[in-house]
Amino acid sequence: MGLGKTVQVLSFQINHTLLVMPTSLIKKWLNKFKHCTPGFQVKEFHGKNKLERSRNLEQIQRRGGAVITTYQMLINNWQQLASFRGHEFFWDYIILDEAHEIKNSSLKTTMSVSAVPARHRLLLTGTPVQNNLQVMWALFKV
Numbered sequence: 001m002g003l004g005k006t007v008q009v010l011s012f013q014i015n016h017t018l019l020v021m022p023t024s025l026i027k028k029w030l031n032k033f034k035h036c037t038p039g040f041q042v043k044e045f046h047g048k049n050k051l052e053r054s055r056n057l058e059q060i061q062r063r064g065g066a067v068i069t070t071y072q073m074l075i076n077n078w079q080q081l082a083s084f085r086g087h088e089f090f091w092d093y094i095i096l097d098e099a100h101e102i103k104n105s106s107l108k109t110t111m112s113v114s115a116v117p118a119r120h121r122l123l124l125t126g127t128p129v130q131n132n133l134q135v136m137w138a139l140f141k142v
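The numbers in full-length UniProt numbering rise by one with no breaks, and the one at position 64 of the sequence shown is 64.
Calculated directly from the structure, the hints in this document are not laboratory data. These numbers come from a predicted model, not from an experiment. Quick reminder that beta carbons are idealized off the backbone N, C-alpha and C, glycines included. Treat the hints with caution; some may be incorrect.
Cross-link-like lysine-lysine pairs, in silico, DSSO-like; alpha carbons within 27 angstroms at most [stated by the list, open to error]:
| no. | residue 1 | residue 2 |
| --- | --- | --- |
| 1 | Lys27 | Lys48 |
| 2 | Lys108 | Lys5 |
| 3 | Lys5 | Lys27 |
| 4 | Lys43 | Lys27 |
| 5 | Lys108 | Lys27 |
| 6 | Lys28 | Lys5 |
| 7 | Lys43 | Lys32 |
Here are the in silico distance ranges between beta carbons for each label pair [what the hints assert, rightly or not]:
| no. | residue 1 | residue 2 | range |
| --- | --- | --- | --- |
| 8 | Ser54 | Gly4 | 19 to 27 angstroms |
| 9 | Glu58 | Gly126 | 20 to 28 angstroms |
| 10 | Lys50 | Thr127 | 29 to 37 angstroms |
| 11 | Glu58 | Gly4 | 30 to 38 angstroms |
| 12 | Arg62 | Thr127 | 34 to 42 angstroms |
| 13 | Glu58 | Thr37 | 15 to 23 angstroms |
| 14 | His35 | Glu88 | 28 to 36 angstroms |
| 15 | Gly39 | Thr127 | 31 to 39 angstroms |
| 16 | Gly4 | Glu88 | 20 to 28 angstroms |
| 17 | Asn31 | Gln72 | 15 to 23 angstroms |
| 18 | His35 | His87 | 12 to 20 angstroms |
| 19 | Gln72 | Gly39 | 27 to 35 angstroms |
Generate the whole structure from the sequences, applying the supplied hints.
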């Protein structure tokens, strides 16, 4: 929506960040990282190649940087995103773009986001209330 949410997040350059978003936004985020924060490690956890996804995830967990994934990948792989070499892994930040995708607290998406350990969670949305306040309550519960 052009409110500058992406640029504000990029200014953080937090050591271990998991960014979750709709598939349509991945390229936008990758381009913004490349343009605004050259040298900051950013890897995708998306696509059909499981080996490449795992390599990208492990590299960021070991060295720091940001992992970009989608809501569907999070639902299908939350256990992998929540661990590193058999131990629980705490992200410094989990950032949800288009966070209104979490429409209620019983959805798989909401449960998956809540299951991945993080010190902080940041929800980005230009439309927090769409039809009713239940959507907003689901955002607060994450």
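Here's how the hints hold up against the structure:
Of the supplied pair hints, the one linking Lys27 and Lys48 holds, its CA atoms being roughly 17 angstroms apart against a limit of 27 angstroms. Between Lys108 and Lys5 the CA atoms are separated by roughly 25 angstroms; this keeps the pair inside 27 angstroms, and the hint holds. Among the hinted pairs, Lys5 with Lys27 is consistent with the structure: their alpha-carbon atoms are about 16 angstroms apart, no more than 27 angstroms. Proposed proximity of Lys43 and Lys27 is supported: the alpha carbons are some 12 angstroms apart, at most 27 angstroms.
Among the hinted pairs, Lys108 with Lys27 is consistent with the structure: their alpha-carbon atoms are about 25 angstroms apart, no more than 27 angstroms. Annotation: proposed proximity of Lys28 to Lys5 holds, straight-line Cα distance about 12 angstroms (limit 27 angstroms). For the proposed pair Lys43 and Lys32, the alpha carbon gap of about 13 angstroms is at most 27 angstroms, so the pair holds. In this structure the hint that Ser54 and Gly4 lie 19 to 27 angstroms apart at CB is violated, the actual value being about 33 angstroms.
A beta carbon spacing of about 33 angstroms between Glu58 and Gly126 contradicts the range 20 to 28 angstroms that was offered as a hint. The hint said 29 to 37 angstroms for the Cβ distance between Lys50 and Thr127, and at roughly 34 angstroms that hint holds. About 32 angstroms separates the C-beta atoms of Glu58 and Gly4, a value consistent with the hinted range of 30 to 38 angstroms. Distance hint check: the CB atoms of Arg62 and Thr127 are about 36 angstroms apart, consistent with the given range 34 to 42 angstroms.
For Glu58 and Thr37, the Cβ-Cβ distance of about 21 angstroms falls inside the hinted range of 15 to 23 angstroms, so the restraint holds. Distance hint check: the CB atoms of His35 and Glu88 are about 34 angstroms apart, consistent with the given range 28 to 36 angstroms. Under the hint 31 to 39 angstroms, the C-beta atoms of Gly39 and Thr127, about 33 angstroms apart, fit the expected range. Evaluation of the 20 to 28 angstroms hint for Gly4 and Glu88 yields a failure: the beta carbon distance comes to about 34 angstroms.
Between Asn31 and Gln72 the beta carbon distance is about 21 angstroms. The supplied range of 15 to 23 angstroms therefore holds. Against the hinted window of 12 to 20 angstroms, the Cβ-Cβ separation of His35 and His87 comes to about 35 angstroms, which falls outside the hint. Taken as a hint, the range 27 to 35 angstroms holds for the pair Gln72 and Gly39, whose Cβ atoms sit roughly 30 angstroms apart.
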